[in-house]
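Novice: Hints in hand, dock the two standalone chains.
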Amino acid sequence: MNLEVSQLKKIDSYLKSKGVEYWDVRYEFSDHMACFIESKLEEGSSFEVAFKEIEKDFTRGYLKGQQEQVRKKLNKYIRKTYLTEIKNSVVKPIYILGLIAFGVMLKFVMESYKVKYSLWIGFSFMIFLLIMILFKSLKDFKMHKKSLLLNLSGTYVIFFTLVFQVIGYVKEQMLTNKLLQVVLSFSIVLICFLMLTWFNCYSKLIERQKKYYNLING
Amino acid sequence: MAKINNLIGIKYDISHKIIPKKIIYINYLCIFVIEFRAMSNSKLYKGSLATIILKLLSQQDKMYGYEITQKVKGLTKGELNITEGALYPALHKLEAEGVLEVEVMRVDNRLRKYYKLTEKGEKETVSKLAELEGYIKNMQVLFNPKFGLE
Numbered sequence: 005m006n007l008e009v010s011q012l013k014k015i016d017s018y019l020k021s022k023g024v025e026y027w028d029v030r031y032e033f034s035d036h037m038a039c040f041i042e043s044k045l046e047e048g049s050s051f052e053v054a055f056k057e058i059e060k061d062f063t064r065g066y067l068k069g070q071q072e073q074v075r076k077k078l079n080k081y082i083r084k085t086y087l088t089e090i091k092n093s094v095v096k097p098i099y100i101l102g103l104i105a106f107g108v109m110l111k112f113v114m115e116s117y118k119v120k121y122s123l124w125i126g127f128s129f130m131i132f133l134l135i136m137i138l139f140k141s142l143k144d145f146k147m148h149k150k151s152l153l154l155n156l157s158g159t160y161v162i163f164f165t166l167v168f169q170v171i172g173y174v175k176e177q178m179l180t181n182k183l184l185q186v187v188l189s190f191s192i193v194l195i196c197f198l199m200l201t202w203f204n205c206y207s208k209l210i211e212r213q214k215k216y217y218n219l220i221n222g
Numbered sequence: 667m668a669k670i671n672n673l674i675g676i677k678y679d680i681s682h683k684i685i686p687k688k689i690i691y692i693n694y695l696c697i698f699v700i701e702f703r704a705m706s707n708s709k710l711y712k713g714s715l716a717t718i719i720l721k722l723l724s725q726q727d728k729m730y731g732y733e734i735t736q737k738v739k740g741l742t743k744g745e746l747n748i749t750e751g752a753l754y755p756a757l758h759k760l761e762a763e764g765v766l767e768v769e770v771m772r773v774d775n776r777l778r779k780y781y782k783l784t785e786k787g788e789k790e791t792v793s794k795l796a797e798l799e800g801y802i803k804n805m806q807v808l809f810n811p812k813f814g815l816e
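Residue numbers (the working numbering), protein chains in the order written: chain H, 5 to 222; chain A, 667 to 816.
Hint data in this document are derived by calculation from the structure and do not stem from the laboratory. Treat each hint with caution, since some may be false.
Short derived list, chain H residues pointing at chain A, Cβ under 10 Å [claimed, not checked]:
| hint | residue |
| --- | --- |
| 1 | 32 |
| 2 | 61 |
| 3 | 80 |
| 4 | 145 |
Okay, derived cross-link-like pairs now, DSS-like style, lysine-lysine, Cα gap no bigger than 30 Å in a straight line [stated by the list, open to error]:
| hint | chain 1 | residue 1 | chain 2 | residue 2 |
| --- | --- | --- | --- | --- |
| 5 | H | 214 | A | 728 |
| 6 | H | 143 | H | 208 |
| 7 | H | 149 | A | 779 |
| 8 | H | 208 | A | 779 |
| 9 | A | 759 | H | 150 |
| 10 | A | 789 | H | 68 |
| 11 | H | 80 | A | 721 |
| 12 | H | 140 | H | 91 |
| 13 | H | 84 | A | 728 |
| 14 | H | 120 | A | 786 |
| 15 | H | 146 | H | 96 |
| 16 | H | 44 | A | 743 |
| 17 | H | 56 | A | 794 |
| 18 | A | 728 | H | 76 |
| 19 | H | 214 | A | 794 |
| 20 | H | 120 | A | 794 |
| 21 | H | 13 | A | 782 |
| 22 | H | 44 | H | 13 |
| 23 | H | 44 | A | 786 |
| 24 | H | 14 | A | 794 |
| 25 | A | 743 | H | 84 |
| 26 | H | 77 | A | 803 |
| 27 | H | 44 | A | 728 |
| 28 | A | 739 | H | 13 |
| 29 | H | 84 | A | 759 |
| 30 | H | 214 | A | 739 |
| 31 | A | 779 | H | 22 |
| 32 | A | 739 | H | 60 |
| 33 | A | 789 | H | 22 |
| 34 | H | 143 | H | 91 |
| 35 | A | 739 | H | 84 |
| 36 | H | 80 | A | 786 |
| 37 | A | 786 | H | 84 |
| 38 | H | 77 | H | 140 |
| 39 | H | 80 | A | 782 |
| 40 | H | 214 | A | 743 |
The beta-carbon is built from N, C-alpha and C at its ideal position, and this holds for glycine as well.
Chain A extracted, bound-state conformation (with noise of 0.2 Å):
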């Protein structure tokens, strides 16, 4: 938990509920990339990754693949590396979900494909993040991590 901590650069006690959500959002993306990265055989865990996907886009209007590479690795300092075989089959399923739409430009003599969120997207973002808070709070229950106390 310390490198949570470390990461983020602040340190907290959860139980007061003064924190505010976006800090605890954060926190819980951080968490949850590192264990991402260290199960990242876990089914579970590769299920997730259209999370981050979602989470990033509702950030910015609009995104391309490698881009999205570059984020999720500048946000976690290099711990998190999505690899293009695990990116695009996760665009790909949202953009024929519906979740995703896209649009395509021209940009430096090459075509960039953008994703950005639908409006079905959207909501889908918040769900899956509750989903996903739901799961980090039980696995605190679980596993009775203490923030920020060491």
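Okay, chain H solo, but in the shape it has when bound (with noise of 0.2 Å):
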């Protein structure tokens, strides 16, 4: 016996005012009440009845330590899916050539102009990177809101400006040294490459969530 839209409703509304906020925690807990409510319609008890009942099993402490317990899943996760990204990236022809590319051109403006206009250029690429992170963000604005995982992979960005913040406090004295200049041309072409294989990983976790958003509006 299946439930009703209206039934399956008020367990997603039940969950919602127990504190899981997030709509990829709480479909999975939603499915766990369902299927217990109908087992117990199919032995003859009623929805409010059977209600009650899963009700004391799903308890605001219980779901709040859940929604934490997954959080710290995600987070996992998320890690595994960029190391994963990193690595397919690595061995990529297209990548290689690229970041030889970007660090010729970086080592070409230090010597040819001012060694900060490197900083300058490697900063553009992030911030280029941020405005699409943020473009993708706002586009389904709802469904990234209210998702853990997208939550989650977001705070990654900010770790990358903060690393890249570092190397804007290099001073112009400090690298008249060839070897210096080198060093800083490959830290800006790896934390580049770096922020591009999270836009990457975080644009396969927006199409994953979006999927799945999609399936429970469909």
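Specialist: Encoded structure:
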């Protein structure tokens, strides 16, 4: 015996009221509760009685704890997905060629113009990616805002921006040495590469969540 | 031990080594499940829930959370009740480790998250079951139970 849409909405509202704010955490618990209620309905019980019974197991404390558990596991999942993306990108010839070309260009800018200009090039590239990420987030704002996976993924962007700021403190006078200039070029290229792979990884996570979100609203 | 034999419905002497491995595995799982229930607070058994999940998923293409709880309940005739509080963290941990992969489908107007073994998960199942086999054998040596001889 399947539950009606209104009954499913009641379960969803209950979970929301108990603090499970993210839809990508809620739907699994919602299905579990619905399965339990359906089995009770088959035994002859009513929806209200079955709901009250399962309500005892899904208390606020329990659900909050579960959401916290999911948060920890998702962080691990994101890191793993990102590392896989880096591994896959490193072996792509287009990436290798692109990185070498970018590095050579930065070195040329350092030698022909000011060292700081190379930092600006790297910074502009990162800003471009940040705008793209922001654009992707805003495009499906409702889906993004209420997804725990996407919320956690977004915080990684802050990390890269902070790392790049450290490079920004490098003074012109500190880079008279040729070796230091190469190190700086390499650092800029590396951070831009990490940011680019992150952007690809983030786009894939968004696509995945979007597919599920559309299934819910389908 | 009589309880275990009754649960499986057979009597045998493990020392003859003529019993199919599948039956031995089922027996191990049942012994383990009973001990798991009896010593649910023990750290040793808490960490073994993953083995049960992997074993069940190795027998079926994909399963969802509620289905796993019901399957365990059915197999053990209600002896073991896996709570949601224990099941979902274990499932999410296995997913994060890459042992399980998920497939989300729309079923009866709602989303259902199915779990299935990855390639890594299949290897993990074999090693976990071998680990369990070793554990049970050691327990047998330590406590010297006699299977089906009463």
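Novice: Okay, which hints does this one fail, numbers in order?
Specialist: 4, 10, 14, 15, 17, 19, 20, 23, 24, 25, 26, 30, 33, 35, 40
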